[in-house]
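Trainee: Produce the entire structure from the sequences given, and follow the hints as far as they go.
Number of protein chains: 2
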Amino acid sequence: MQVQVVQNVLKINDELAALNRQRLRAAGVFTVDLLGGPGCGKTALIEATLKRLVPGLRVGVIVGDLATQRDADRMARFTDQVVQVNTGKGCHLEAHHVMQAMTRIDIDRLDLLFIENVGNLICPVGFDLGQDVKVGMFCTTGGDDKAAKHPYIVCESSLLLLNKMDLLPQVPFDRDLFLSDIYRLKPDARVIELSAVSGAGLDQWIDWLGEQRPRRASAGGNDDATAHPELARK
Amino acid sequence: MQVQVVQNVLKINDELAALNRQRLRAAGVFTVDLLGGPGCGKTALIEATLKRLVPGLRVGVIVGDLATQRDADRMARFTDQVVQVNTGKGCHLEAHHVMQAMTRIDIDRLDLLFIENVGNLICPVGFDLGQDVKVGMFCTTGGDDKAAKHPYIVCESSLLLLNKMDLLPQVPFDRDLFLSDIYRLKPDARVIELSAVSGAGLDQWIDWLGEQRPRRASAGGNDDATAHPELARK
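Note that the protein sequences, when read in sequence, are chains V and Y.
The letter at position 24 of the first sequence is residue 24 when you use this note's numbering, and the numbering goes up by one with no holes.
The letter at position 181 of the second sequence is residue 181 when you use this note's numbering, and the numbering goes up by one with no holes.
In short, the hints are calculated from the structure, not lab data.
Certain hints may be false.
To be verified - When the alpha-carbon atoms are kept at most 27 Å apart in a straight line, the in silico DSS-like pairs for lysine-lysine are as follows:
#1 Y/89 <-> Y/11
#2 V/11 <-> Y/11
#3 V/11 <-> V/89
#4 V/186 <-> Y/89
#5 V/11 <-> Y/89
#6 Y/186 <-> V/89
#7 V/89 <-> Y/89
#8 V/89 <-> Y/11
In this text, all values refer to a predicted model and were calculated from it rather than measured experimentally.
Mentor: Written out as structure tokens, the structure reads:
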């Protein structure tokens, strides 16, 4: 009976995610579900990205946390298309959260949508939200064993980020071990090392978004966005 | 129907946790469920604690991770009473995991048992394992907003740890904000600031264990443990 219920929950989630995806693609919005443990730097990366891309690109953010709207307040300095979802005791965003949040932003006036998931390396991986890509984030201060310990996020993410490279000299982190664990789990993994604080690696991240965006969000939307100098760099 | 199933799962968990607690207390074992996000330093703290307390005190560890037995390998340098639980996709330990793990260590030859939960600030909070105390761990590199964003772990923990104090000068972390969020949520919270790496604050942590242990694990066991010089310091 428990399995049946879990299957039902996932089935409903998949149905709602498909509706989200249909709506987002029709509007030409490229959607990134950003996953990572608490404090790995998801909000800081989105802030740094907004700083680079807005106003040339129209970027929205849906951000999930158990409580507070602190992240939304941080993002709101860069874009007014921000929705904070508070999940209460919920450990991940589900498609219905995103569907509700989408009613509070103007999807038709967006080129790029970040969904910052609840800080959790585990539970969010299994839930489709309607995104184009899932991006999994680790950080140097979190230890070099975290990829090996979390194979599902490694395998399910289109891109893996290793954040807080500026702190690498301060912490015991075996970069070769971390990377070899990733490539053992996923030989064709794409990894970008960066620091949302220092800005190192941000060019690669912006380039990656630019590569992905026209390829995936091809169902509609504005051409001016792909012509954005940052995203058109390559 | 979904709620019913969740209630059943929690009810079964509570029943098994009660059995674990009965068995551990009868053996005079003081049991700590250590909770925190991935990479906050749970394993490093247990290592540092084992280094201080073993062999004067007989300490066991049950450690949960989705995959790998890296943490157990690290602990095994200090004690042979170590069990690694791999939860697969499971985001927290449940009482049945602990019950099974307890069959693989000699409970009657233990004074103190650490259960290192899966790295997750959310899901483990709601599951009783049969522990005496839950201890919630944050870290300076994880950001000063994490207590406010995770009220349940703040409220449900007997002690809160702020780890990685050695890195405080390197990171943007407003200590006053972090602490005021905690005391707003739980006015009588007990907080210890420490660094498992530098050793700062470890005395307070060891003292706290010593204060708690005789008070809670009073149903049996050996007196020599409470006479351990480290735990008898106060």
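Trainee: Could you run down the list of hints and mark each one as holding or not?
Mentor: Hints, one by one, checked against the model:
no., hint, result
1, Y/89 <-> Y/11, "holds (22 Å)"
2, V/11 <-> Y/11, "holds (26 Å)"
3, V/11 <-> V/89, "holds (22 Å)"
4, V/186 <-> Y/89, "holds (17 Å)"
5, V/11 <-> Y/89, "holds (18 Å)"
6, Y/186 <-> V/89, "holds (17 Å)"
7, V/89 <-> Y/89, "holds (19 Å)"
8, V/89 <-> Y/11, "holds (18 Å)"
In summary, the structure agrees with every hint in the numbered list given earlier.
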